[in-house]
Every structure is written in structure tokens, then in C-alpha cells.
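Here is how the chains run, residue by residue.
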Amino acid sequence: QQDFFFMFLKPVQKGYGPEKYWERILFRKKTLDKLKRTKDYQKKVSQFTPYQNNGGTVIALATKNYCIVASDTRFTNGFAIPSRNVSRIIKVSSSILLSTAGMQADLFALQSEIKEKVESYQNKDEKNFSIVNCSFYLSSLLYSKRFFPFFTFNILSGLDKNGEGVNFSFDAIGSFEKNQGSCRGKGEQLIQNLLDSQTLVFSPELYKKSEQIVNQVALVKNYFLRAVQRGISLGDGLQVFILTSKGVLIENNLLRID
Amino acid sequence: PVAGFLAMASVTDIPTGGFCFDLCKRNAWLEANNSNGAIIKKAKKTGTTIAGIVFKDGIVLGADTRATEGPIVADKNCNKIHYLAPNIFCGGAGTSADCENVTEMISSQLTLHRLNTGRECRVATAITMISQYLFRYQGYISTALIVGGMDCTGPSLFSVHPHGSVDQLPFQTMGSGSLCAMAVFENGYQDNLEQDNAVALVRAAITSGIENDLGSGSNVDITVVKAGSVERFRNIDKSLPKYKSKKPLTYPAGTTKFFDEIVSKIEIVEGEAMEQ
Chain A
1 QQDFFFMFLK PVQKGYGPEK YWERILFRKK TLDKLKRTKD YQKKVSQFTP YQNNGGTVIA
61 LATKNYCIVA SDTRFTNGFA IPSRNVSRII KVSSSILLST AGMQADLFAL QSEIKEKVES
121 YQNKDEKNFS IVNCSFYLSS LLYSKRFFPF FTFNILSGLD KNGEGVNFSF DAIGSFEKNQ
181 GSCRGKGEQL IQNLLDSQTL VFSPELYKKS EQIVNQVALV KNYFLRAVQR GISLGDGLQV
241 FILTSKGVLI ENNLLRID
Chain B
1 PVAGFLAMAS VTDIPTGGFC FDLCKRNAWL EANNSNGAII KKAKKTGTTI AGIVFKDGIV
61 LGADTRATEG PIVADKNCNK IHYLAPNIFC GGAGTSADCE NVTEMISSQL TLHRLNTGRE
121 CRVATAITMI SQYLFRYQGY ISTALIVGGM DCTGPSLFSV HPHGSVDQLP FQTMGSGSLC
181 AMAVFENGYQ DNLEQDNAVA LVRAAITSGI ENDLGSGSNV DITVVKAGSV ERFRNIDKSL
241 PKYKSKKPLT YPAGTTKFFD EIVSKIEIVE GEAMEQ
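Heads up: the sequence lines are chains A and B, in that order.
Under this note's numbering, the first residue of the first sequence is numbered 1, with each subsequent residue one higher.
Under this note's numbering, the first residue of the second sequence is numbered 1, with each subsequent residue one higher.
Bound-form chain A, shown alone (with noise of 0.2 Å):
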């Protein structure tokens, strides 16, 4: 009776003993792990992007005893309009003003650290901060966050302690520039160059005949009218500060909203 009971009984295959259970398991979750970091599971799986291009475009021009900054103030994400009456550029001191375009989170922490440094620096000193220190600072500022950018690509322009305007243009990660003008933003490609036709360096003839405030706000405001006409995210407004010794005087004007 005994054989033929046993003869029912299946011999315990190798692999479902208890001791080795756990090196299943452990096995499985190797080759899961292996699986998440190939591309196509990767591909697969949505994934959390901490940045957004919300579009923008700011232009700046600073030369003899005046500088010009104008941007656009459509706030876009993705195809959307969230807001058509975004400021992009603010009054650092009454020297300098910073420009900025790409992620409006971004640009609000960059503000508000550089006028948290410029008030601290202004009680310390008695001079003003300069806005060649200013642009030192900001570089150093945005190399700090090398591993993680701001998403933010700036414009720092105004008149240093000789009443000269002076512009300078940085990348995300603090690289800059001191140029005659500049653009950046979303409509970057469409107008640097026909900045560039009208400057000293470039053309001194042309940049001789339209030297003064007028003309070049004029111009300014043209290099948008035709942006406008190419770029789908910009549009819906125009902002100009214009900074001299005298103080700052802001415009607004209209764009397409289409």
C-alpha cells in the first residue's frame, strides 16, 4: 500500500525549494532593472520633464547714453495661450535692467535672487552696483546651478558708471557676451540678424544714420512687426523700456493675437 502511494507523489523539482526562492525572486528583479534602463522601456514610459519653454522674446540695444529693451509678452505652453500679459523684464536698479526669456518659473527665482543681492550689496556700500559687477554676479549665479539650469536666457543692459550704454547677453548656463545688441528667445533666429545689419560693428554707415533714441525704438518696434508675422509663439503684446540718465520710460503697444 505504502509503494502505491508514493508512486503518486512527484519528486520536488530543483528550482521551488525554499532556498531558492529568494534567488527567484532576486533574479527577476535584476533583469527588471536591466529592462528600465533600455531605451525602448524608457521610450515607453512617460517621464517627468521639470522644464517648459514658455516662449518669449526680448530684444535689447544699449549704445552711446540710452539702452532699449522690448519683449513680447505672450506666455505660451506647448500650443496654448495661458496668459497674453506677461512682463518679462524688470528694473534691477536704476541703472540696469534684466531681460528674460524661457521658463517664467524660472525667470521669477532668477529675479528675485539678483534683487535680494543688489538691496543687500546697496546697504553694505554706499556706490551703486555697477552693472558690470552686476554681470559677473549673474554669471556666477547661473554657472551655480550648472547641474540643474535655470531655464532662463538672459539679457543684462544699461548704463554703466560713465552714463554709457552697455549690453550684455548670457546663455543658460552663464556664459556672456558684452555686443552693441541682442536678441533671445523664441525669435531669436528671425531677428539677430537684422540687428546686427543696423550696428556698429557691422554697418557703421546705417548705425551712424538711425544713432538716435527715436529711430531706434522705431526700429525695434519693426524687427517685432515682422517676427510677428513668422514666429507662431510670438505675438499678442509689445513692451519697450526705455532707460536713460533721466529714469525709465515704459511703452505698451499691441501685436497679433492670431
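A couple of the hints might just be wrong.
Said to hold, decoys possible - Here are the simulated lysine to aspartate or glutamate pairs, DMTMM-like style, with alpha carbons at most 20 Å apart:
| # | chain 1 | residue 1 | chain 2 | residue 2 |
| --- | --- | --- | --- | --- |
| 1 | B | K76 | B | D237 |
| 2 | B | K257 | A | D196 |
| 3 | B | K257 | A | E205 |
| 4 | B | K238 | B | E211 |
| 5 | B | K56 | B | E194 |
| 6 | A | K64 | A | E211 |
Unchecked claim - From the structure, some residues in chain A lie toward chain B, with a derived Cβ separation under 10 Å:
| # | residue |
| --- | --- |
| 7 | K29 |
| 8 | R74 |
| 9 | P149 |
| 10 | L190 |
| 11 | T199 |
| 12 | Y223 |
| 13 | R226 |
| 14 | S233 |
To be verified - Residues from chain A that keep clear of chain B, each with C-beta distances beyond 12 Å, as calculated:
| # | residue |
| --- | --- |
| 15 | D33 |
| 16 | S140 |
| 17 | K209 |
| 18 | L225 |
| 19 | R230 |
Derived by calculation from the structure, the hints in this document are not laboratory data.
Since we're looking at a predicted model, the values are computed, not measured.
Note that beta-carbon positions come from the ideal geometry of N, C-alpha and C, so glycine has one too.
Knowing the structure of chain A, use the given hints to seat chain B on it.
Coordinates of chain B only, in the frame set by chain A:
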């Protein structure tokens, strides 16, 4: 079957039937192993708002006029309402080239059909041809169409998606601005509208798409199809710039410097025409 990149068949081979997806596999392989993005070029998309509505006497189709190539406007005033038959028109969203070629091909097939049967085309015929053609290509031909027309069975409005599915509804919108336009339609649609009200509703829908969607813009086009007559309003609503510049951009002669100048005369000699 398309002569595939990977499948080089000799002329004497009998062609096998069915689909040939060699090029699709090649494109997918290129995208996966792409070191510089210059290999894959993005097609010009229309990023559109198109809308259609059935009213008492027929159909109103509306469309915007902007064609985009990524973030740039490629054509500020293109025509998105295409002709299929004297009584059938369609608005197309998606890749520009696909829309144009598919509608032209279907239009020629419909002309042959008309000559064959000796009767006016029905909208259902056009829809059958389009949906069967698009299904064969499994959505790789990216066109979304709103087909509307008037035939012996009355007014009918159909929408075709890139994979070949068809809907018949009294009002439809397509394209990237479809949500904006559909909101206006849902708000204002009623059965058996008069022509003026229907045209006004479609204009409002397209304008909403133009203002609130980045992929649509510029002007509004309207087409009204009724029994025996078609009215086409090209650029019925134009979007004007809000600010005119007082000082235009000019580049006077001598702006670009040159170092050398060579002037040569072109001699005109009488002779024989070129061979074809």
C-alpha cells in the same frame, strides 16, 4: 507596392501582393540610431483649425490659412479647403503634402466615376474611397479631413481620421485648434440654421481657433455648398496688424561693401531653337 530600399527586386520577379513597409522600418531604424538630426526632415504640417456644419439648405466648411513648419509660419495665406467634386468640398488638416495629394487623387477618381456612371457623385462615394485609401497606409499618411457636400440624399458632413475611421455628424472640427472651435460649436449649434447664422457660427469657431491656438492663424476661409450652387469666400475675415510702423526698414545702395566689380556685356546672337 512601393519599391523598397531594402527589398531590391529584379524586373523578372513576379511582384508579390500586399503591403510593403520596408521604408517605414528604415525610417524607424534611422530615428533610433540618429546621431545628427539632419537625416530626418520634418514634414510641413498645417497645424490647423477646420470646421464644418450642416444647416438647412446644405453645408458650411471653414478653415484658417496658416501653414507651419515647426515653430515657424511657412505660408501665411494657404488654401485648406480643397475641391473634390462640383458638389463636394473638403477641409484638410495634418501634413500639407498628404492633404493636397490625397484630395487631388480622390478628385480625379471621382471625375472618372462620374463619367462612368453619368450621375452626380455622392459624398458617401468620396468617403469610401478616402477611408479605404488611408486604411491601406495604416495612418502613415497623416491627413485628417472634413468632407462635406450636397447630393441626392441631402446634405452630409463626414470626418475622416488618418487611420481611416469615419464619423458622420452634424458639426465637426479637426486640427490643433479643434478644441477651441468645438467649444464655440457646442455653445451655439442648433438644428436647421439659416445660412447667415451658420456662416457666422463657423466664422466665430475658426476665429476662436485662430486666436487661442498657436498653430492656426491669419485669415478665415468659408465655403458654402448648397443644392446646385457653391459660394466660396476666400479670406472673408482678415487679421490685420495692430500697429503700423512709421519708419520702415530700408537698406540704401552701398550698404553691402564690395571689393571688386566685373562688368561684362551679354551678346544676343540669333540662332536655332534648342532641341527638346
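Given a cut of 10 Å on the nearest C-beta pair, is the interface hint for Y223(A) held or broken against chain B? holds, 8 Å
Regarding the hint that K29(A) lies at the interface with chain B, is the smallest CB-CB distance below 10 Å? Since the shortest Cβ distance to chain B is 27 Å, the answer is violated.
Verify the interface restraint on R74(A): the C-beta must sit less than 10 Å from at least one C-beta of chain B. Since the shortest Cβ distance to chain B is 9 Å, the answer is holds.
Beyond 12 Å from every chain B Cβ: check whether that's true for K209(A). The claim breaks: K209(A) does not keep its Cβ more than 12 Å from every Cβ of chain B (closest is about 9 Å).
Given L190(A) was flagged as interface, is its beta-carbon under 10 Å from a beta-carbon of chain B? holds, 8 Å
Tell me if the straight-line CA distance from K257(B) to D196(A) falls inside 20 Å. Holds: K257(B) and D196(A) sit about 15 Å apart, inside 20 Å.
Quick check for students: does the CB of L225(A) sit more than 12 Å from each CB in chain B? Not fine: 6 Å to the nearest Cβ puts L225(A) too close to chain B.
Has the given pair, K64(A) with E211(A), been kept, meaning a C-alpha gap of at most 20 Å? Given that 20 Å is the threshold and the Cα spacing comes to 8 Å, the pair holds.
Would you assess whether D33(A), listed as outside the interface, keeps its beta-carbon beyond 12 Å of every beta-carbon in chain B? Since the minimum Cβ distance to chain B is about 22 Å, D33(A) lies beyond 12 Å and the statement holds.
Hint status (Cβ of T199(A) to nearest Cβ of chain B, threshold 10 Å): The hint is violated - T199(A) has no Cβ within 10 Å of chain B, the shortest such distance being about 13 Å.
Is the hint on R226(A) kept, meaning its closest Cβ partner in chain B is under 10 Å away? holds, 8 Å
Please work out if K76(B) and D237(B) have their alpha carbons no farther apart than 20 Å. Measuring from Cα to Cα gives roughly 14 Å; hence the hint holds.
In this structure, the earlier hints numbered 7, 9, 11, 17, 18 and 19 are contradicted, and the remaining ones agree with it.
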